[in-house]
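From first to last, the protein sequence lines stand for chains B and P. Heads up: the first sequence is residues 1 to 350, going by the numbering used here. Heads up: the second sequence is residues 1 to 123, going by the numbering used here.
It should be emphasised that the hints constitute simulated quantities derived from the structure, not laboratory data. Everything numeric in this text was worked out from a predicted model, so none of it was measured. No false leads were mixed into what you were given.
Chain B is nowhere near these chain P residues, computed Cβ spacing over 12 angstroms in every case: (1) L15; (2) L63; (3) S65; (4) W66; (5) Q68; (6) Y69; (7) L100; (8) A108; (9) A111; (10) V116.
Label-pair ranges, simulated between beta-carbon atoms: (11) R170(B) with L103(P): 53 to 59 angstroms; (12) R25(P) with S39(B): 17 to 23 angstroms; (13) R120(P) with A164(B): 28 to 34 angstroms; (14) R131(B) with V96(P): 51 to 57 angstroms.
Where a beta carbon is used, it is the ideal one built from N, C-alpha and C, also for glycine.
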Amino acid sequence: MSCGLTVRGLVVAPGGTPVLRGTDLSIEPGRRAVLVGPSGAGKTTLLRAIAGLEPVLEGLLELGGRRLDARTPAHRRRVSAVFQEPRLLPHARVDDNVALPLRAAGVGRRERRARAAERLEEVGLAGLAPRGVRGLSGGEQQRVALARALCAEPDLLLLDEPLAAVDPNRREALRRLIVRVQRERALTTLVITHDRSEAAELAETLALMLEGRIVQQADPREVFERPASAAVARFFGAANIVRGSVRDGLLTLDGGGTLAVDGPDGPGAFVIRPEAVAIEPGAAFRAQVTEATYAGTFVRLALRHGGLRLLAHVPPGTQVAPGAQVGLDLPRERLWRLPGEEERRLSAGS
Amino acid sequence: MLAHLVVVLPYTVLLLLSGFGPDLRGLEEMGRAAGLSGVQLLRWVTLPVARPTVAATALLSFLVSWSQYGTSLAVAPARPTLPVVLLPFVGADPQVAAALALLFLAPAVLALVAAVRAMRPAS
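The following block holds chain B by itself, in its conformation from the complex (with noise of 0.2 angstroms):
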């Protein structure tokens, strides 16, 4: 049975210093939710708090209807947890490490081992169950540790950066098999990473953390495309910002130049990703090319339009100097206009 996890106005502050100020999260029963943010933003201290190893200072936690607070203790949580490090026991065998919880149960051996063994084919393992686990690969280990947790069971699984320790060749792996194992279970979970690309290959629902607090959660590919501020915009990659003033479905920059653009007339700031930006050799919009870097997949074109600078990415194959001066194509579909940006901007300014 798979449960939705709420998370409201949750106040968390390890060593006396607030990580988590008023953090508001829900999954989904069923659901696999990436939590994405900066290095330091508290996504570690959510999950731990979660997880019941770092204590609640307000809020409330609740998973499945069952509320979380301070007289739940870790182990009765029902929260599994797979650390961004495996935290294999080194003294134990491969099927003993997996079947920790169903020892803590009071689970006897042959049928530990029997579950243990069980889960390890789950995870790509077979085989490996008498073996110690000092001989293992940062890949095979952290298998081991999904395995463990998923033999506990639980209502909620949660990975810390579980693809963090884990070759880059191997990754691709690691992340199918999280995917698989979350769909098949239909188990409610909560990754962590701090990669953008990862996060979006592996959520179904997309959370951003900034400085303690959830910016936005919603479709990977709204939170991409859509960002809900500029900060969002920024974090995603989407570092195009154009500002201006519209008028009859026309855009006038602050520094000169139209775009055509949806929504009433009024101020208004609009994003665009860079992959979104084409050179068009016939466009009104024209640009000078500053800085041309070949990144393997595609081209990064850094640009200036008056005091305007724009990034786009174009097809590998592009040739164009710096200094050259480009028409570009910034489609109207793919620039969004941020929500009350323009507000926030003006009334910073009064």
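Given the coordinates of chain B, work out where chain P should sit on it, guided by the hints.
This is chain P only, laid out in the frame that chain B set:
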């Protein structure tokens, strides 16, 4: 015995501190998240993981204590420890000295064997 503790304690504390570092704390957290109660955590995580460090510390403490002559003589000359009792016989006769050397060595070797056995994985 108190005098020996005073000499041995700094070594013991330093060694145990290095063994009970962040790794052990991380494993204890994992244990709590895996559903282990306090007693279970101590029996199945803390003690087995700390075992090699405790064994090495015990060995070193014993060796330091075993080689204490001055402290034993100064504090309790009326109740000498085994090394202090054996000391006057050294130099009397080469054969006695050789036998005593073995006798001196035996407890240290036994302690070493016990410590190495304790450092091995439990299962």
